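> Each chain, letter by letter, is given below.
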Amino acid sequence: MGRTPAANDVPLRLLCLGQSHFGCVSRAADAGHEALARAGVEITTLVMNQPQFDPHFEPGAGLHPALRDEALRLSATADAVYLSIGGTAHCVFGLMEHEQPFDFVLEPEPTLPLLPGREAVAGGLIRGALESTSLFRHQRALRRFLPGVLRRPLALLESPPPLFDDARLLANLGGYRRLLTERGIAPAPVRRKLWRLHSFLVAEDCAAAGIEFVAAPSAAQDTQGYLAPQALADDDPTHANTWYGRRLIEQMVRRHRADFAFDA
Amino acid sequence: MAHPYEQQPEHAFWRQAVAEPAARGIASVDPVVAPAFRIARGQRIATAGSCFAQHVARHLRQAGVVPFVTEDAHTIVPRDVARAFGYGEFSARYGNVYTSRQLLQLMLRAFGEFEPQEPAWRNGEGCWIDPFRPRVHPGGFLTPGELQADRERHFEAVRRLFAQLDVFVFTLGLTETWASRADGAVFPVCPGVLGGEFDAAQYELLNLGVDEVCADMATFVELLGQINPRAKLVLTVSPVPLVATAGERPVMVANSYSKAALRVAAEKLSHAYGHVAYFPSYEIITGGFNQGRYFAPDQRSVTDDGVAHVMHLFLQHYLGIEQSAAAAPEAPRDPMLARLVAVTQAHCDEEALAR
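Residue numbers (the working numbering), protein chains in the order written: chain A, 5 to 268; chain B, 2 to 356.
Next comes chain A alone, as it looks inside the complex (with noise of 0.2 Å):
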């Protein structure tokens, strides 16, 4: 995982190629730059999305040029990149109640029990219906593009888990306000299942594009599995919080210097 700086005062520089998961580790690298300076990290966000950039990637093309450059420059200096691509196709089918409601076997759990009283959809289904949305590709062919650019070890970091409370959901809806008004919020069992489902599939394709897979935080995890209460964004249930960022800068940083704390 890229090269290790021995002593604080060699910094290490850390630079984060994402999506819009890492807006919570913009935030916190901010917020903490004084705290980060002092244990010597550098830690730099390079936002894909963003209107300079847009299209961002197409298939067919590529990364936009300037991104492109841009992404190269700053890995050129870092001491190891970190992804964040993707992260929230599942919530295109766990966020909000279906119809007829659902749920399936888990392929990486199977034993994980089915809800009572919801149609059981073979596993193989929701993995397909996953993988065929527009989102899903789109991400799938940025992470298997990647590599071949960047010619760096890279390491991608998994998306944030579903948050348990329904009720704290509720109040956070954000932009999905008025799609789940409609139909009410998928329930927890199956959120979670199919965070754990796109997690499952993208360190498939981690592991095919030469990419480590790097699992969510477990200090930001409850003990289900499910995303720490003070994780959540505001008005935003698909995304975590600055809080949340700072754990991944934990993690991050300590994959490098095991005795680091982000103090910020």
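There could be a bad hint or two in this list.
[Claimed, not checked] Some residues of chain A that are not near chain B, with every Cβ distance over 12 Å (derived):
| id | residue |
| --- | --- |
| 1 | A126 |
| 2 | G128 |
| 3 | G132 |
| 4 | R172 |
[Said to hold, decoys possible] Just so you have them, the derived chain A footprint on chain B, three or more residues with Cβ under 8 Å:
| id | segment |
| --- | --- |
| 5 | 71-79 |
| 6 | 82-93 |
| 7 | 98-108 |
| 8 | 253-262 |
Calculated from the structure, these hints are not laboratory results. Since the model is a prediction, treat every value here as computed from it, not as a measurement. Backbone N, C-alpha and C define an ideal beta-carbon position, used for all residues, glycine too.
Place chain B on chain A using the hints.
Just chain B, lined up with the frame of chain A:
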């Protein structure tokens, strides 16, 4: 005294029925002449059979006729994914039904009259394959329970299908089939090919004779009549040659026997039952009048022109449809999903920009 041929209509004479129409264009050849019965618009047409039968449902849709389907995927599953998982190929998700024995056992299994001893096979990835429809679930089911639950839904759909259909179009495909020595259960694919392990002590090759095909089909016809007295049948014989034979004779010879036996059985059944018709798709595709042009270079796959000729005559004679209507564009299965994708995309773009 006039001899019998003097009274025969034109379609009884090769020159008028085959040679002259073929000279005008092979699509002019019409061996159907008159249907055994007509299918009214709105009647429920169900399909099953070997791979050639898949064309029937597709062409019905293209002609604006909605085939009767009792088993569809959850609406969260997009149409192309559902198709890859065997939905929409036929009226229910039974996959290819190649033999008369397989069709009969499908009915018996669906109605709880036969429970094969072999419930599932494992594939090379450790997933579970339904031995009786091994191709419908790519990759296999994740657990035996998932397979069993899906099978129960499938049987419910098959029961509804047989109870509610008006016309059942069945394409007889093969006489060779692999069977369990324990209970006679037949499999559409040899054990060990897509799952399970081949064991000659457990499985045997059957090559059904004309009498066996007739007996299977007669039992099926009788049972269907008990379930659904108004049901009519259209039998066809698949023109697609055997991909391989497990017997000793060369595949070309084995194929000739198989098609001949099925063709004779279809003829006998259509004479025995007034509500069972034979439709000559086999003759249209394999007839010498087309000089092999209805087969692709592999000498096995049927060309689109061949399928179109068959289906044009079927639609014309049985449904009174002369010109295929433009198929209506397929609506998204779940319009809400498209809205959610758009909202999610926009939402993520906003989050990416937020500082």
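> Work down the list of hints and note, for each, if the structure agrees.
For each hint, the structure was consulted:
With a closest Cβ-Cβ approach of about 6 Å to chain B, A126/A is found to fall inside the 12 Å limit, against its non-interface label. A cut-off of 12 Å between C-beta atoms contradicts the statement that G128/A is not in contact with chain B; the least separation is 5 Å. Against the 12 Å criterion, G132/A falls within the reach of chain B, whose nearest CB is about 4 Å from its own CB. Look at R172/A: its CB is around 18 Å from the nearest CB on chain B, clear of 12 Å, so calling it non-interface holds up.
With 6 residues carrying a beta carbon less than 8 Å from a beta carbon of chain A, the segment 71-79 of chain B meets the three-residue requirement, and the given coverage holds. Interface restraint, the segment 82-93 of chain B with chain A: holds (4 residues with C-beta to C-beta distance below 8 Å; minimum three). Coverage of the segment 98-108 of chain B by chain A is violated [criterion: at least 3 residues with CB-CB distance below 8 Å; count 0]. For the segment 253-262 of chain B, the stated coverage by chain A is violated: 0 residues have a C-beta nearer than 8 Å to a C-beta of that chain, whereas at least 3 were required.
Hints 1, 2, 3, 7 and 8 from the earlier list are contradicted by this structure; the remaining hints agree with it.
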